[in-house]
Each structure stands twice: as structure tokens, then as C-alpha cells.
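Numbering of the sequence shown is given in this note's numbering, commencing with residue 32 and proceeding in unit increments.
Certain hints may be false.
[Claimed, not checked] Computed cross-link-like contacts, SDA-like style, restricted to lysine to any residue with a CA-CA straight-line distance of at most 25 Å:
(1) K202 to T274
(2) K284 to T212
(3) K284 to R312
(4) K355 to R563
(5) K214 to E319
(6) K464 to V220
(7) K284 to H106
(8) K97 to R221
(9) K202 to K284
(10) K355 to R221
(11) K214 to E93
(12) K355 to R565
(13) K284 to S294
(14) K202 to V111
(15) K97 to V220
(16) K284 to R221
(17) K214 to F242
(18) K464 to R312
(19) K495 to P528
(20) K464 to A482
(21) K214 to N276
(22) K286 to E421
(23) K495 to W544
(24) K284 to E93
(25) K97 to E86
(26) K286 to K495
(27) K214 to R439
(28) K284 to V269
(29) K286 to Q85
(30) K284 to E421
(31) K214 to F305
(32) K97 to V123
(33) K464 to P413
(34) K286 to L459
(35) K495 to L459
Calculated directly from the structure, the hints in this document are not laboratory data.
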Amino acid sequence: MPATHEVTNQVPLLTGYNVADDPALLAGLHREGAGWAEPELRELGALAGGEQAQEWGRLANENPPKLRTHDRVGHRIDEVEFHPHWHDLMDVAVSHGLHGTPWQDDRAGTHVARAAKFYAWGQVEAGHSCPISMTYAAVPALRHSPELAAVYEPLLAAREYDFGLREPSGKRGLIAGMSMTEKQGGSDVRANTTVARPAADGYRLTGHKWFTSAPMSDLFLTLAQAPGGLSCFLLPRVLPDGTRNRIHLQRLKDKLGNRSNASAEIEYDDAVGFLVGAEGRGVQTIIEMVNMTRLDCVLGSASGMRYGVVRAVHHAGHRTAFGKRLADQPLMTNVLADLALEAEAATTVAMRLAGATDRSGEAAFRRLGLAVTKYWVCKRAPMHAAEALECLGGNGYIEESGMPRLFRESPLMSIWEGSGNVAALDALRAMAKQPDSVDAFFTEVELATGADSRLDDAITAVRKELADFEQIEYRARRIVESLALVLQGSLLVRHAPAAVADAFCASRFGGDWGVAFGTLPAGAEVDAIIERARV
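Could you put the whole structure together from the sequences, leaning on the hints where they help?
Take a look at the structure:
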């Protein structure tokens with residue numbers, strides 16, 4: 032072979048590692064009461080880091096779903112066809128209880144265990160996490176109608192993936208979707224125009240939905256205008272008598288990322304639905320589902336950050352430039368350490384919020400803590416993905432590296448379940464309507480008081496911001512960002528190694544930080560920080 036074809040200075044494939052070998056994840060798992068789940072998490076992590084699962088993810092992403100509206104003779108079928116490895120990914124997720132299983136498990140820490148597994152398995156392929164998340168989130172909303180929950184909850188929690196259009200109660204396990212937004216309203220769901228008329232078999236719904244998550248699901252929660260106002264309904268794709276409900280898939284969305292997952296525009300043509308909760312209480316009912324999916328938005332963003340930084344550190348450890356490894360170049364270590372700090376802060380706060388989900392006494396803290404974290408962590412993900420990609424240089428811009436897929440996926444979590452402005456305003460709403468959430472939030476944050484003066488000063492400053500109500504909506508992003516950062520800082524000061532906590536406080540609170548990643552102050556213990564991101 033000619034010498035020009037010799038391959039040198041290229042990085043070996045990152046495979047055959049355990050995704051669960053993540054110090055911040057494991058520490059959070061134990062701290063939040065789910066240490067008992069470590070063996071199953073490690074089993075899943077080994078599968079996630081293996082070549083087979085990574086190949087499943089690649090092929091599912093490169094072969095997106097196809098809509099089949101009619102069969103060969105013209106009958107309406109409204110089927111979505113997936114690559115076979117999509118089903119492999121779903122089967123692993125369901126069999127490991129990443130969907131509705133925690134709702135039927137009374138062990139302490141069961142939501143934390145599920146969060147850790149969702150975070151780990153999501154690093155294989157993020158698209159299929161959407162229907163898994165919807166199924167998890169549907170249960171608390173469905174419980175507003177106990178008679179419906181009694182039928183469907185055990186199947187939503189079952190560890191069997193049973194794909195295909197059949198009557199739900201006869202299947203071994205179910206997947207749920209959500210259908211809220213309409214073209215005229217978007218996040219303003221109160222502007223929905225879909226109509227629900229009472230009928231002998233429940234309600235009949237007519238209308239057009241602009242985004243329907245996971246249209247191949249067995250059941251959907253949706254919003255429609257009933258006689259008593261905006262209400263929540265459960266719509267099965269197949270009715271109890273075995274006929275197909277009149278839910279017509281109009282087209283699949285051509286999305287920036289999340290390409291392995293189907294998202295659809297649908298038409299309800301006199302479709303049968305069953306009321307969930309009370310008429311006129313649709314938002315209050317479905318908000319239970321929204322809050323659970325917001326936790327998964329945080330977990331998904333944290334998972335993506337971990338994926339990116341692990342690959343950046345791996346690349347830098349094998350690639351040579353200007354006479355030495357990238358990992359030995361001082362400026363690269365600054366970038367890698369900064370990325371690792373951001374990822375660890377995201378993972379730590381995500382696990383803390385999962386713990387608050389498990390403990391009913393922490394509902395007030397979770398309300399505000401989740402609102403500010405959903406805004407901040409999800410907002411940071413695209414910048415983090417871009418910088419991690421750049422660490423690989425031109426190789427990172429090539430699809431085979433996996434980094435373009437991460438980059439395209441990264442904005443989604445900030446858009447899903449309330450984009451940046453909606454999330455920031457939701458945090459203000461939580462503080463106004465549930466003032467106990469503010470008290471609970473600062474009780475949590477101030478557990479670190481006295482440990483780092485920079486954090487103490489930041490807490491004082493954000494309290495002052497909250498006391499000033501002038502133009503508070505205009506300032507909402509700044510306030511929410513500060514709240515999210517002091518929560519992350521408090522958790523790291525209390526639970527992370529000193530090198531991590533000190534660098535976070537110096538950069539995020541001490542003013543010794545630039546605008547881009549890689550601007551940590553001199554003296555940061557970058558090697559110790561990077562080591563925690565190495566697999």
C-alpha cells in the first residue's frame with residue numbers, strides 16, 4: 032500500500048466501556064437513596080457503552096421512521112414504520128424499567144434509579160427516549176381518573192415492549208404519547224380549538240394537532256375544548272371493540288434532530304376520547320405529565336453533556352498536535368475541564384431533583400428547583416455540544432464521530448415542554464403562586480452557607496434580585512439563571528470534590544470566567560476535574 036494511505040494519529044473508537052462509570056452519577060444514585068440499583072445500572076451501562084448498542088443507535092438515527100397512511104388498496108392504516116433497531120432500543124429501555132415502572136414500585140429511591148438508567152441509556156440514542164419519557168409521565172396525570180388508571184397503569188408500567196396496533200387492554204405492555212399543541216397556539220394551549228362533544232361512549236373529538244409526540248403509541252393524553260372548558264382526554268389508537276380510533280396521521284415532521292423518533296401532525300375526525308379529571312381542568316390535569324417530562328428534559332440534557340465531554344476527553348487523550356497530545360496542551364485542558372464542570376453540575380442537580388420526585392415532602396423544593404433547572408441546564412446544552420464537537424476539530428464535524436447527531440439533538444430539551452421564555456416565566460409563576468417553594472429552595476441552597484464565600488455572595492445577590500419587582504418579567508432569564516447556578520453551586524460545594532467545587536465557584540460566581548468554555552481561572556485543578564470525565 033502506498034505510504035500516503037498509512038493511517039496515523041487517528042483516535043480509536045470509543046467502545047467497550049461502561050457508561051455508568053460516572054462518578055457524579057453514582058454518587059447521586061447513592062446519596063438520593065437508590066444505591067440498591069447500582070448493579071442494574073452497571074449492567075445497562077455496559078450495554079450502552081458496547082459496540083452493538085452504539086450501532087443500533089446509529090442505524091435508527093440514519094433510517095428515520097416512515098409514515099404509511101394507506102395500504103395497497105387504499106384503506107386508511109395510519110402506520111409508522113421504524114428501523115428494526117428502533118425496536119431493539121425500545122425493548123431494552125422498557126425491560127429495564129425506564130418508562131412507567133417506578134409508579135408500580137414502592138421501594139425508596141425508585142424514581143432516582145429510573146433517572147440514572149434513563150440518563151445512561153439515553154447516551155446510546157436520544158430519539159427513542161421521547162416515548163419512554165411520555166409513558167413515564169402519563170401515569171400521574173392518568174391517576175386523576177382512577178377508573179382509567181386501574182385499567183392502563185399496570186400496562187404502562189409493565190416491563191414488556193409490545194409494539195403494534197391492538198386493543199390496549201389485551202397487550203402485554205403499553206406506550207403513551209402526548210398531543211397538546213396546535214398550530215394557532217403552540218405553548219398557549221388555552222387557545223386550542225379542538226372540540227370534545229359528550230357522547231354515549233365517552234366524548235367525540237374533532238380538531239388538528241400540530242405536534243403529537245410518538246404517534247405510534249397505544250394511548251395519548253390530549254387537550255380539547257369540552258362544554259365545561261379546556262379538558263384532558265385519553266385517546267386509545269384502538270378502541271375496546273377492536274376498531275381503529277379516528278386519529279389520522281397527516282404527516283411526520285422533518286426535524287433538525289431527534290430523527291429516529293416520529294413526531295406528527297394529526298387529525299381527530301370524531302375520535303373517541305375518555306375524560307381524565309374534571310371538565311375545565313385540562314391544564315391542571317396534564318401539568319402532572321408536563322412536570323415529569325421536564326425532569327426528563329434535564330436528564331436528557333445532562334446525558335448529552337456527559338456524552339460530549341467523554342468523547343472530547345477521549346479524543347484529546349489520543350490525538351497529537353504540535354508535538355504533544357492534545358490532553359497535554361494547557362489551553363485544551365482548560366476547555367475540557369470547563370466542559371466537565373458543566374456536565375457534572377448538570378448531572379448532580381438532575382439526580383437531586385429525581386430524589387425530590389421520590390420524596391413527597393420535597394414537592395415545594397422540586398417545584399421551583401425543577402423550573403429554574405429546566406431553563407438553565409437545557410439552555411446550556413447546545414453551547415456545550417458545540418464546544419465538545421470542536422474539541423475533535425474537523426473529525427467532530429463528520430457524521431461518523433457521532434458529534435453532529437449530539438449537536439442537532441441538543442436544542443430540543445430547551446424547546447420541549449416550554450422553551451426558554453416559557454420556562455423562565457414558569458419559575459416566576461411558581462414563586463408568585465407557591466411562595467413556600469421559594470422558602471424550600473433557599474433552605475436547600477443555604478445548606479452550603481459558609482463553605483465558600485463566593486457562593487454566599489451569589490445567594491445574597493439573587494435574594495436581592497428577587498426583592499426587586501420592577502420589570503421582573505423583563506429580567507426573568509437573568510433571575511432564573513442565577514437561581515439555577517446557586518443551586519448547582521450549593522450541591523457541588525456539599526457533595527463534589529474540592530477541585531470541582533472550587534473551580535465552579537471561582538468561575539460561575541467569582542467573576543473569573545470568560546464568555547466561552549475554556550476560560551477557567553489560573554490555578555483551577557484541571558487534571559483532577561478532567562479525570563472524573565475519563566472512561
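Consistency of the hints with the structure:
For a cut-off of 25 Å, the pair hint linking K202 to T274 stands: about 15 Å separates their Cα positions. For the hint linking K284 to T212, the alpha-carbon distance of about 14 Å falls within 25 Å, and the restraint holds. Proximity of K284 to R312 is assessed by CA-CA distance (about 29 Å); at most 25 Å being required, the pair is judged violated. For the given pair, K355 sits about 22 Å from R563 by alpha-carbon distance, which is consistent with the 25 Å threshold.
Between K214 and E319, the direct Cα distance comes to roughly 23 Å. Compliance with the 25 Å bound is thereby established for this hinted pair. Between K464 and V220 the alpha-carbon distance is near 20 Å, which keeps this suggested pair within the 25 Å criterion. Restraint check: the Cα-Cα separation between K284 and H106 comes to about 23 Å, which is no more than 25 Å; the hinted pair holds. Note on K97 and R221: the hinted pairing is violated, with a Cα-Cα distance of about 31 Å set against a maximum of 25 Å.
Between K202 and K284, the direct Cα distance comes to roughly 28 Å. Violation of the 25 Å bound is thereby established for this hinted pair. For the given pair, K355 sits about 59 Å from R221 by alpha-carbon distance, which is inconsistent with the 25 Å threshold. Only pairs whose Cα atoms come within 25 Å are accepted, and K214 paired with E93 is rejected, the gap being roughly 28 Å. Restraint check for K355 and R565: satisfied, since their Cα atoms lie roughly 19 Å apart, inside the 25 Å limit.
Among the hinted pairs, K284 with S294 is consistent with the structure: their alpha-carbon atoms are about 6 Å apart, no more than 25 Å. Restraint check for K202 and V111: satisfied, since their Cα atoms lie roughly 18 Å apart, inside the 25 Å limit. Straight-line distance between C-alpha atoms of K97 and V220 comes to about 28 Å, which puts the hinted pair past the 25 Å bound. A threshold of 25 Å between alpha carbons decides the hint, and for K284 with R221 the separation of about 23 Å falls inside it, so the pair holds.
Among the hinted pairs, K214 with F242 is consistent with the structure: their alpha-carbon atoms are about 8 Å apart, no more than 25 Å. The suggested pairing of K464 with R312 holds, with an alpha-carbon distance near 17 Å, which does not exceed 25 Å. A C-alpha spacing of about 30 Å is found between K495 and P528, which places the hinted pair above 25 Å, so the restraint is violated. Taken as a hint, the K464 and A482 pair is broken in the structure, with Cα atoms around 32 Å apart against an allowance of 25 Å.
With a C-alpha separation of about 22 Å, the suggested pair K214 and N276 falls inside the 25 Å cut-off, and the hint holds. Simply put, K286 and E421 have alpha-carbon atoms about 23 Å apart, close enough for the 25 Å limit, and the pair holds. In summary, the hint linking K495 to W544 is supported, as the alpha carbons are separated by about 23 Å, within the 25 Å threshold. This hinted pair checks out: K284 and E93 have alpha carbons roughly 16 Å apart, not beyond 25 Å.
Taking the CA atoms of K97 and E86, the gap is near 20 Å; set against the 25 Å cutoff, the hint holds. Under the criterion of a C-alpha separation no larger than 25 Å, the hint pairing K286 with K495 is inconsistent with the structure, at around 42 Å. For the given pair, K214 sits about 23 Å from R439 by alpha-carbon distance, which is consistent with the 25 Å threshold. At roughly 23 Å between alpha-carbon atoms, K284 and V269 fall within 25 Å of each other, so this suggested pair holds.
Of the supplied pair hints, the one linking K286 and Q85 holds, its CA atoms being roughly 22 Å apart against a limit of 25 Å. Straight-line distance between C-alpha atoms of K284 and E421 comes to about 29 Å, which puts the hinted pair past the 25 Å bound. Taking the CA atoms of K214 and F305, the gap is near 23 Å; set against the 25 Å cutoff, the hint holds. Restraint check: the Cα-Cα separation between K97 and V123 comes to about 22 Å, which is no more than 25 Å; the hinted pair holds.
Distance hint between K464 and P413 is unfulfilled; the C-alpha atoms sit about 31 Å from each other, more than 25 Å. Between K286 and L459 the alpha-carbon distance is near 31 Å, which puts this suggested pair outside the 25 Å criterion. This hinted pair checks out: K495 and L459 have alpha carbons roughly 15 Å apart, not beyond 25 Å.
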